Amino acid sequence: MSNPNSPDSGDTAWQEYLTGGEQTASAGGASTGGASAAGASAGGSGAADQPEETAGPRRVIGTPPPAAARTLLAPADDGGAQPLVRELPSDPDDPARAKKAELVVAACFILAMLAGFGFLVAYGIVGVGSITGAQHSNLLLGGTLSITLLLLGIGATIWVRQLMPTVELTEQRHVMASDPKDKAAFKETWDEGAETSQFVKRPIVRRSLIAATLPLGIAPIFLLRDLGPLPGKSLDTTVWRKGLRLLVYGTNRPITPAEFSSPGSIISVGPQGFLNDDDAMAKAAVIIIKFRPGEVDYAPGWRPVANKVVENWTVDNIVAYSKICTHVGCPAALYEQTTHHILCPCHQSTFDATQGARVIFGPATRPLPQLPIGVDKQGFLIATGDFAVPVGPSFWERS
Amino acid sequence: MSVERALEGTGTWLDDRLHGARGVRVLLRKVFPDHWSFLLGEIILYSFIILLLTGTFLTFWFQPSMTDVIYHGSYLPLHGVRMSEAYASTLNITFDVRGGLLIRQIHHWSADLFMAGIMAHMIRVFFTGAYRKPREINWLIGIILFTLGLLEGLFGYSLPDDLLSGAGLRILEGVVQSIPLVGTYLAFFLFGGPFPGHLIIPRLYILHVLLIPGLILALVTAHLFLMFHQKHTQMPGKGRTNKNVVGAPLYPYFMAKTGAFFFFVFAAVALAATFVQINPIWLYGPFNPVAMSAGSQPDFYMGMLEGALRVMPAWQWVPFGHTFAFNVFIPALVPLGLLFTGAALWPFLEQWVTGDRREHHVNDRPRNAPTRTALGIGMITFYGILWAEGANDVLAANFDVPLYWITWAARVGIFVGPVIAYIITKRICLGLQRKDNHLIEHGVETGIIRQLPGGEFIEETRPVDEDSLAVLTSRTDYPALGTADTVESDVPPAGMRGGIGRVRERLYKVVTESAPIANGHGNGHGNGHAIESNGHDHAAIGTGAGSGSGPGGSESEDGHS
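If you read the protein sequences in the order shown, they are chains A and B.
Take the first sequence: its letter number 222 is residue 222 in my numbering, and every next letter is one higher.
Offset between the second sequence (1-based) and my numbering: plus 1000.
I should point out that these hints are in silico values taken from the structure, not numbers from a laboratory.
Remember, predicted model here, so these are calculated numbers, not experimental data.
A hint or two may mislead.
[Said to hold, decoys possible] Straight-line distance between alpha carbons at most 27 Å, and here's what the computed BS3-like set of lysine-lysine pairs gives:
#, chain 1, residue 1, chain 2, residue 2
1, A, 183, A, 201
2, A, 242, A, 377
3, A, 187, B, 1133
4, A, 181, B, 1133
5, A, 308, A, 290
6, A, 377, A, 290
7, B, 1133, A, 183
8, B, 1133, B, 1238
9, B, 1426, B, 1509
Looking at chain B on its own, in the form it has when it is part of the complex (with noise of 0.2 Å):
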C-alpha cells in the first residue's frame, strides 16, 4: 500500500507540473503489432545502447594518442616493443583493467550485431514494403542510420592502431587519394599531412566517441519518434486493415516483452564476448607500415567495400599529366553507392511507376510484389558476391581453388549473379501466388480419394481456416494507370504523355506483374476486394481504383467494413 501511495504522490507531484495524465494514459494503452521479424529493429537499438554503456567505460581507460611509447605492461610477448599510446592503452584495458577485456569484445561484438540487425532490419522492411507512404521519411533516415555505422564502425576498430586497423587505414588513405582533383589534399586534410602521421587516432577517436554516436543518437530518436506516431505497420491476418492496429499495449505486454528482449540482446553479446575471441590485437602487434599479415579481413560489414576493391580490374586512365584511378575510387564510391542511391530512390520510383499513393499499413508479403521482392534478391546477390570476392583469398586457402578464378567469377558474377537471382525470384514468387491462388479457391487437399456413385474419383479438399485465408487473401491489386477523368478522351493523363510516360507504362507492366487475384469462395470474411478488382487488366485505364487520389480510399480498408 505505501508503495502504491508513494507512486501516486509521485504521479500527482508530476502531474501538477506537467499534465500528464491524460496523455500518458493514452501512451501507455498504446498498441504494438507482434511479429518475429518485428523484433529486428530492437536488436539494433538495444546493441546500440550497450555500445554506448561499453564504450564509455573505454574511454576510461583508452589514451587516443600516436606518440610513441616502449611497452612494459602486463603482455610479456610484447615487453620492449615501440608502440604507439593508443596500442598500449588498448593492451592495458586488456590485460590491466578487471573487466576490460570482456566490456572489449563485448562492444565489438555489439557493433557487429548493430550492423547485422541494420541490415536484417532494412531487408525485412523492404520485402515487407513497410517503407511505403507513409513511412519513407523513416526509410530514408535507416540509410543514413547504416552509412553513419558503418563509419562508426571503420573508425572504432582503427583506434587501437594495431597492425590489422592500421592497414585499414592506410587503404582508407588510398581510397581517398585516389578521388580524382581533390583527393591529394582531402587525404592530407583528414591525415595531417603523410600517411600516417600523429593525429589521425584523436580526429577518427573525437567522430568515434562524440560527433558519429550524437548524430546516429539523433536519427535514432527520430526513426522512433515517426515510428511511434505513424504506428508500428502490421502483418497480414484477420481483421487487421490499413485503419487499424492489432497488438497488445504498451503498458503492461510491450514493456515486459521487449525489456526480456533486451536482456537476451545483452546475453547474446555477453556470451559471445566470453567464449568467442574477437579482435585480438595483442596478436596482431601494433601498426607499422612495412609488415601486413596473409589473410587479413576487415569487420564483416566492410568487406563488401573490400571486395569492390578486390574484383575491380586494374584500369586507370593518365590524360594531361594527372591520374585518373578508376582501379581504386570506382570500386570504392559506386557499388556502395549503386545500393544506398538505388535503396532511396526505390519506394519514390515504385510510387511514381505504380501511381499507388495510398498509406500502407498493412505489410505485403514479399511474394505478393514479385518486383520488388525479385530486385532486392538481385541486389542481395551484389552484395553478397562482392562480400565473398572481399575474402576471395581465405576461401582460395580453404577451399583450395585458385585464387584468380574467385576473382573472376565475381567478376562476371556481379553482372550476371543479380540477372539470374531476379528472374528466379520472380518466377518463384508468381508460382507461390498462384499456389495460394488455388488453395484460396480449392482449399487444402486432404489426401483423402473418394468415389462418386458415377464411378468418377475426386480428392477432397477442406477449406483452409480462417486466419490463414485472411493472410492468403491479403494481396491487393495496384491501382490502375493512368486517372478516372481521361476515359472518355483518347488524351493520355499527364505524366503519362511523352517518351517518360511511355517508359512508366512499361515500367508499370514489370512493376505491378502479378498472378490474377483469386476469386476465392466469397467466404465472408471481408476480403470481398478480390473479387470486385476487374481482375488483371492493367492496361485498362481509370477502372476506378482511385489511383492514389484519396488518401486511405483504398478497397483493402473497406473491405473489412
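Isolated chain A (complex conformation) (with noise of 0.2 Å):
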C-alpha cells in the first residue's frame, strides 16, 4: 500500500471542502497515485487503481489496533457508493459515568432555563430611571443572565467531556504550495487571457486606461478638503482682549483682587460672555494664582522673559497664567500651594508658577503663558490684552 507520508500534490486541501475532491482527475489528473490519502485504505476497495479519485482524508481513532489502523475510511468514489466505515465511536467511555452526567447536564440546563426566565420576569417587574432602579435592574438582569449563560456553558462541558466518547483523529496535511503543472496550467491560463485582452499589445489602451484613473483614484481626497477649514492664524490668538472680565469657572461672577486674597488660593476663570463656549473655552481657560509678596521672581516691564514673571502683567502679586497645557493641551488642573508647582494631571508636565510658569518636570517643552491683567473702573479683575504667544499645544507653524 502507498505510504501516507508520501508527498502531496498540494491541489487536495482546496478540493477536500471545496469540492469534495471531485475535480482531480483534471489538471492536476495525476495527482500523484497515493497522492488522495485514501491510498491508505486497506480495504481493498481499489484505491490504488483509480488514483485520480480523492477521497477525505485517512485518520486514526485514538492509538487503534494496528490492523484497524489504516481501514477507517473507504474511498469516496463519484457516486458515494461505498459504505463508510464509522470512525466515531457511538457509546461513552465509561457508560456508569455517563448516566451520572446525564442528570448533571440535564440539571444545568433545566437551571438555565429558570434562571433565563428569571431574566424576563426581572425584565418586567424592576424599574429604572433612577440611581437605585438602574442599579437593582442591573444586579438582577446582569446576575441572572450570568448564571444562565454559565450554567449552559457548564452543561455543554460536561456534556461533551462526560457523555461523547474520547475520540482522537488524525488528518493528513498537504503542502500548501501547487503542484508544478497546476502551477503551469495556470500561467498558461493567465497568458492567454492577457494575451486576449489585448492588454499587453497594446500600450496606447492601456496607458490611456491607467492615465483616465488617475485622477478618479485623486478624487477622494478632494472630496476630504471640506471636512474642516484651513487653520490659518486661528492657533495664534485666543478670544482675550483688552477690557474683558475675568469671570469665575462656575459662578460666572467678575473677582476683585480683594475678594481673591488668601495667598496659595487658584481659581479658574474665563472671559466674559464665553464660558459657555467649549471651542473658546479651549484655549481661553485660565487660572489665576494669589502669591504673598516675595515669592515671585518679576521681570520688570511689559515683555515676557524666560523664567520670570511680567510684574505688570499682574496685579497686587495676582498672576494668571493659561491653563491649557503647552504638552497637548490637558487642563493644567493641579496646584500644589506649598511648592507653587502647577502639574498637568494628563501627562505630569510640571510648572513653576513663581518662575513664570517654566517647565521643571515632564514633556511639556514651553511654559505656561502668562496672560496680562489689571483691573477696571468698578475694581474687578479684567484681562488687558490677548496672550503674548500662541496656547496649547506646539503646532508646525508656530514659532
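Join the two chains, each given in its own frame, into one complex according to the hints.
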C-alpha cells in the first residue's frame, strides 16, 4: 500500500472542502497515485486503481489496533456508493459515569432555563428611572443572565467531556504550494487571457486607461478637503482682549483682587461672554494664583522674559496663566501650594508658578503663557490684552 | 423520527440547489487540534460578536450629537447641567433604559477583553512560532486587527463625551497637531475646525459603528478562512508531525466545545458587567475643556501610548520658524510603530536569517527558540514599562514613591529593561533545553540510590514516558546556512556574499543559538532525526538539511514514517 506520508500534490487541500475532491482528475490529474490519502485504505477498495480519485483525508481514531489503523475511511468514489467505515464510536467511554453526567447536564440546562425566565421576569418588574432602580435592574438582569450563560457553558462542557466518547482523529496535511503542473496550467491560462485581452499588446489602450483612472483615484482626497477649515492664524490667538473681565468658572461672576486675597489660592477663570463657548474656552481657560509678596520672580516691564513673571501683567501679586497645558492641551488643573507647582494631571508636566510657569519636569517644552491682567474702574480683574504667544500644544506653524 | 425527516428534507432541498453533501461532509469531519492556548483566539472572536450585538443595542438610543442640552433626566445630581446630547443620551441609556447599564458595561468589558485577547493570542502565536510559513499572512492580518482594535476602542470610549473621554480627544488633537508639516491641517480636518468643535463625535461615531467594525469583520473572516484552509497548528506530541493534524472533528466535538466556550466568555463579561463597574461616565460629568481630574487613566490598551507620552523628555526643535514637537510625535508614533513594524517584519527576517523556508505546522516550545523567545520577552518588557509609566501618578500615589523617580526609572528602564530581559530569558531557555536533554539522555531521577556490588552508589532513573518524550524531542535543528551546491567551492552562495552576507551569518549564529540536540536512546518513536542531525556545527556549509529548498522536506516530517 502506498505511503501515507508521501509528498502530496497540494491541490487536494483545496478540493477537499470546496468540491469534495471531485475535480482531481483534471489538471492535477496524475494526482500522484498515493497522493490521495485514500490510498492508505486497506479495504481493498481499489484506491490504488483509481489514482485520480480523492477521498476524505485519512484518519486514525485514538490509538487503534494496528490492523484497524489503516482501514478507517473508504475512498469516496463518484457515486459515493462505498459504505463509509464508522470513524466515531457511538457510546461514551464510561457508561456508568455518563448516566450520572446526563442528569447533571440536564440539571444545568434546566436551571439555565429558570435563570433565563428570571431574566425576563426581572426585566418586567424592576423599573429603572433612578439611581437605585438602575442599580437593582443591573444586578438582577446581569445576575440572571450570567447564571444562564454560565450554566449553559458548564452543562455543555460536561456533555462534551462525559457523554461524548473520547476521540482522536488524525488528518493528513498537504503542502500549501500547488503542483508544478497546476502552476504551469495557471500561467498558461493567465497568459492566454492577457494575450486575448490585447492589454499587453496595445500599450496605448493600457496607458490611456491608467491615465484615465488616475484623477478618479485622487478625487476622494479632494472630496475630503471640506472636512474642516484651514487653520490659518487661528491657533495664534484667543478671545482674550483688553477690557474683558475674568469670570470665575462655575459661578460666572467677576472677581476683585480683594475677594481673592488669601495667598496660595488658585481659581479657574474665563473671559466674560465665553464661559459656555467650549471652542473659545479650549484656548482661553486661565488660572489665577495669589502669591505672598516676595514669592514671585518678577521681571520689570511689559515683555515675557524667560523664567520670570512679567510684573506689569499682574495685579497685587495675582498672576494669570493659561490653563491649557503646552504639551497636548489638557487643563493643567493641579496646584501644589507649598511648592507653587502647577501639575498637568494628564502627563505630569510640572510648571513653577513663581518663575513664569517654566517647565521643571515632564514632557511639556514651553511655559504656560502669562495673561496680562489689570483692574477696571469697578475694581474687577480684567485682561489687558491677549496672550503674547500662542497657548496650548505645539504645532508646526508655531515659531 | 419526524425531526430526522424534516432535517433530511431540508438537507435534500439545500443539496439540490447547492451541491453540498460531499464538501460539507468533509467539513464536518475536519480535525481541530486541542490546546488551552488555542482558546485565546476564540476569546477574541466571541468578544467581538458580543461587541457587535451589544453595540447594536446601544445605537438604538445613543445620539451622536454635540448639540448643547440642559439635562432633566433621571440622574438627579446632574439636573440642570449643560451637556452634549451624546452625554445626555448615554445617561439616558444608563438610567432610563432597562438593561441599558448592563449592556453598556458588557460592551465596555467586552472591548477590554477583546484587546486583552488580541494581546494574549499574539503573544501565544509569537512564542510558539505559529506565525511561520505558511501563516505569515495571518500574522500580518492579526497586526492590522490589533491596530484597528486600538482605534475602535479609542473612538468608542470617546463617544459618551464625558470629562475623561474629552481629555482623551484633547490629547488626540494635540498629538495630531504635533505632526510636522501637516499636523495642524490634519487636526482641523479631523475636528472640523478648532478643538472641540461640534463634529468630532458624529464623525467618530460613524467610524466606530460602521467603517472600523466593517473592516474588522472582513479581516476576521479572512483570518478565520486562512486558519481553516491552512489547518490549525498543533502542539508537539506523540504522533504529531508537520504532515498531519491530530484532534477531534468539527462535528460534533469542536462545535460543542466552542459553543460552550462562547457561553463562558459571555458569562465572564456578563459577570464583570454585573458586579464590576466600568466607565461610570455619570461620575465624571460632561466634558468641558477647563476641568480635569487627577488620576485620569485611559482604557488599559491605550496605557502604553499614554506612558510613552509621559516618559518623553521635553525635546523640541524650532528651526526656521517651525516647530518640531519631538516631545509629542516621537512618543505617539515611535514606540508602537517600532513594535508593530518589528512584529510585522520578524517572520520574514527570521526566515531570511535562518534560511528556514519549510512549512511549520507543529508549534515550537518557547524554549526551543531561545532568541525569538528572548526578543519577545524583551518587547513585552518594553511595552510593560511604558504601560506602567502610563499610570505613574497612580503608582506614585499608591506606593508612596516620588512621581519623578518613577518617570526617570522608566526613562532608563525602556532601554535597559529589554536588554536584561533578553539576556535572562535566553539563558533560561538554553538552560531548559539542557534540562530536556538530560531527561532525554538519562531519564527521570527517581531519588532511589542503589549500591552496586562493587560498592559504587548510583541513582536509579526511569525512562521518560512516551508522550513526554515526544514533546521533549520535538526540537529540531535549523537548516545549515548556505546551500548544498557550494560545498565543493570556496565561493560563498548568493545571499551570503558581501557585507550583508556577513551580517546574515552573524545573525544566524545569534538566532539559531541552542543547546546541542540530545542524543536520545533511539527509543524508536520516530525521533531519529535528533540523532541524525550532525551536531551543532552551524557554520558548516551544506550539511544536507536541505536548507529550505524542498517544501516540507524537513527531517522532522520524515521522522514518523
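Evaluated hints:
no.	hint	verdict
1	183(A) - 201(A)	24 Å, holds
2	242(A) - 377(A)	13 Å, holds
3	187(A) - 1133(B)	24 Å, holds
4	181(A) - 1133(B)	22 Å, holds
5	308(A) - 290(A)	16 Å, holds
6	377(A) - 290(A)	21 Å, holds
7	1133(B) - 183(A)	19 Å, holds
8	1133(B) - 1238(B)	22 Å, holds
9	1426(B) - 1509(B)	14 Å, holds
Hint compliance for this structure: no hint is broken.
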